[in-house]
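> Residues per chain are reported as follows:
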Amino acid sequence: MKKSLVKILGHLILLIMLISIVGVAQAKIEVRFTFWGGKEEKAAYEEMINKFNTLQDKIEIVPVHIPDRYEEKVLTMIGAGDIPDIMAIGGAHIPAFADRGALQGLDLYAPRINTEVYYSTAIDAMRWNRILYALPFRMNTKQMVYNLDMLTEAGITPPAPGEAWTPEEYRIYAKTLTIPGKRWGSGFPWWDQWLIQFGGRVLNEAGTECMLNRPEALGSLKYVYDLIWVDGAAPKPEEMAGQGNSALFMAEKIAMFTDIGPWYMPVLNGITKFKWGLGLQPGGSGEMEVVGLTIPSGVKDKQRDAAFEAIAFLTGDPRSQDILALTKTQIPCLKSSGILFAKQFPGAELFIQAIDMQIPQYKSPDSRAIGSLIGEVRNTVLTSFDPVPPEEALKKAYEGINKILEGTK
Amino acid sequence: MFIFKKNLSSKKRRLLLENLEGYLFISPWLFGFIVFSLWAMFASLYYSFTKWNILSSPQLIGLENYKDMFKDPLFYKSLRNTFYFTLLAVPSQMVVALGLALLLNQKIRGQQIYRTVYYLPTVISGAAVALLWMIILNPVSGVINRMLGWFGIEGPAWMLDPKWVIPALVLMTLWGVGGPMVIFLAALQGVPRALYEAAEIDGAGLFKRFIHITLPMISPVLFFNFLMAVIGSLKVFSSAFFMFGTEGGPRNSALFSVLYLFANAFHYFKMGYASALAWGLFIIILAVTLLVFKSSPLWVYYEGELKK
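Chains as they are written, first to last, in the working numbering: chain A, 1 to 409; chain B, 1001 to 1308.
These are computed hints drawn from the structure, not numbers from a lab. Given the structure is predicted, the values throughout are model-derived calculations rather than measurements. Check each hint, because a few of them may be wrong.
Taking lysine to aspartate or glutamate pairs in the DMTMM-like style, the calculated list, with each CA pair at most 20 Å apart, reads [stated by the list, open to error]:
| id | chain 1 | residue 1 | chain 2 | residue 2 |
| --- | --- | --- | --- | --- |
| 1 | B | 1163 | A | 386 |
| 2 | A | 396 | B | 1154 |
| 3 | B | 1077 | A | 239 |
| 4 | B | 1163 | A | 376 |
| 5 | A | 300 | A | 82 |
| 6 | A | 403 | B | 1202 |
| 7 | B | 1071 | A | 239 |
| 8 | B | 1077 | A | 30 |
| 9 | B | 1071 | A | 406 |
| 10 | A | 236 | A | 386 |
| 11 | B | 1163 | A | 72 |
| 12 | B | 1051 | A | 406 |
| 13 | A | 403 | B | 1018 |
| 14 | B | 1051 | A | 386 |
| 15 | A | 403 | A | 386 |
| 16 | A | 73 | B | 1154 |
| 17 | B | 1163 | A | 226 |
| 18 | A | 403 | B | 1154 |
| 19 | A | 236 | B | 1068 |
| 20 | A | 236 | B | 1072 |
| 21 | B | 1051 | A | 72 |
| 22 | B | 1051 | A | 149 |
| 23 | A | 51 | A | 72 |
| 24 | A | 396 | B | 1064 |
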């Protein structure tokens, strides 16, 4: 009796060991993917992740949604050694992480990457010092939105599809549309975008030289200042009453404004009081944002390979990128999915057309410090309280940015 | 173990056992303090002597961060803003908290409800408070400027005019004086009525009773609230952060020390320098705290204390 009991127990233990070994052998490789975004974005990304997870049984992407203070939280995670396997990253921030050794280049996987399937601007935005650090995931180009009823009433023809007004035309129309005490022709003009629309830049493409000493920088800054304080065609900061341009547009306090991305579409589609339309930004150009998926340093071997397979699917497979296109609020980086996005709503094709006309955000390992100086230009010139002359503000920013680029502060 | 040594007297053994019991009871807090506070402090002290961008290993650079700190104009700007905020916020908070406590100390109906109402803002989160005050302080449609308008006064552009940013933030902090108010209220209720009655008999009016009885009797609590207000004001962060991010407001008028430290740590990848800033601020707060303690014998009265 005793002997048979021992035999049965022994066989049971062996069976359990065999099952666990097989279980371990069949266990999926888990890759953690950190990303930011609101409710809709989270839902779309989780749908894309589920698609990948159900199409194969070797890798499982575990979503790690960080709704707020994304960069600070990811930095803290990396600093604490809790490194995610895949990280969403803005193209403008790639140099900051790459130069500090936090990202792996994807050159190891170059034979498996077909860059032709992506928009070339998007893939270029993922490079720094000629190394590809991420694959492009989604992007935002910018448009102008106008109140068609107000334009018709004022006898102004909206820009033809695919054509853009010049900045001077925008200014003239904004003045025409302004009714003092009732509405402004233009929303508050964000200088960062107008700089690009004027053909200016913050930095050169290599990120080694500040270009705020060029005439386009001064011209664009004077333009936005005059639009507000000389023409009275746009609200002053204190007149915004704490609201954004979209709120003022919906309240019919402004006739048109620029710098709108596809995420505005649900808000605009809710407007029933008046007719509105989309057009290319004045000047045609503007600054776009490209978000990529990257693999941080410290992710090795099987984990790294699994992470690459995951990002290759999420960024380069139509079954994933089409989900983004169908959200109608995010532009996919895959060309075939971009064609699908262009059919989603009237004006969607303009967002796709703008891809070839707009440029990604400037890149630098110290983009945040540079951004603070740009913000200072905007806040010290475009203010009713002791404004600084544009020339003086630009000179100070130019010197400050060059100091940063030289590696001192 | 030592307590089981043969030669130890029973009294000593009993004392040691009692001490051990005490340490066991406080061990959870002690563990948390050592791991999450003390260890973090020593780690940041180490990092303050390094160049560290969080993403790679720290490199020792000696006192360079401290030298840079003394040469950094934004460090001085942030200190000036912080001290200016403290100079405005602390007396305002003390006056408002004590004033409310004196009012609530009256025997009126619905006293409990009023106490709850005044305490409630303290429990609301920083982000929600900041959003609410951005609406209240709106220069065009905000409640405060509208009310000033009834009296023919043109209200300032609170969050847009560099001169008014800090007064606006001080105004925000007054909304949250529920905590010190409750403490003042408890202290006021502990003042013996007999003292007021004796003073009344001697002909002392309301003001004299307040100055010569109320204030001295609540001075320990006044000292505590004052110290907490000073320390809290020197560490101001969330109101400015939620209003302006790390940009520091118009012309850096809301760039406080802790906000500047945060920007250096997480936006400029200078965790080493941020750690040095943190220790600089710690020493300043410590110096101010010691100054307040040193001054306390001059104005804080403890019952039963014999003055030399």
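> State for each hint whether it applies.
Hint check results:
1. B:1163 / A:386: The hint holds at about 11 Å.
2. A:396 / B:1154: Between residue 396 (chain A) and residue 1154 (chain B) the Cα gap is close to 34 Å, so the pair fails against 20 Å, i.e. violated.
3. B:1077 / A:239: violated (29 Å)
4. B:1163 / A:376: OK: residue 1163 (chain B) and residue 376 (chain A) at ~17 Å, within 20 Å.
5. A:300 / A:82: holds (14 Å)
6. A:403 / B:1202: With Cα atoms ~73 Å apart, residue 403 (chain A) and residue 1202 (chain B) exceed 20 Å; violated.
7. B:1071 / A:239: violated (39 Å)
8. B:1077 / A:30: violated (48 Å)
9. B:1071 / A:406: holds (18 Å)
10. A:236 / A:386: Roughly 14 Å between the alpha carbons, so the hint for residue 236 (chain A) and residue 386 (chain A) holds.
11. B:1163 / A:72: violated (31 Å)
12. B:1051 / A:406: Distance of about 18 Å is within 20 Å: holds.
13. A:403 / B:1018: Cα-Cα ~63 Å, so violated.
14. B:1051 / A:386: violated (38 Å)
15. A:403 / A:386: Given that 20 Å is the threshold and the Cα spacing comes to 26 Å, the pair is violated.
16. A:73 / B:1154: Roughly 43 Å separates the two Cα atoms, so the pair is violated.
17. B:1163 / A:226: violated (25 Å)
18. A:403 / B:1154: Measuring from Cα to Cα gives roughly 42 Å; hence the hint is violated.
19. A:236 / B:1068: Between residue 236 (chain A) and residue 1068 (chain B) the Cα gap is close to 38 Å, so the pair fails against 20 Å, i.e. violated.
20. A:236 / B:1072: violated (33 Å)
21. B:1051 / A:72: holds (18 Å)
22. B:1051 / A:149: Judged against 20 Å, a Cα distance of about 59 Å means the pair is violated.
23. A:51 / A:72: With Cα atoms ~29 Å apart, residue 51 (chain A) and residue 72 (chain A) exceed 20 Å; violated.
24. A:396 / B:1064: At roughly 26 Å apart (the allowed maximum being 20 Å), residue 1064 (chain B) and residue 396 (chain A) break the hint.
The structure fails to meet hints 2, 3, 6, 7, 8, 11, 13, 14, 15, 16, 17, 18, 19, 20, 22, 23, 24 from the earlier list, while all remaining hints are met.
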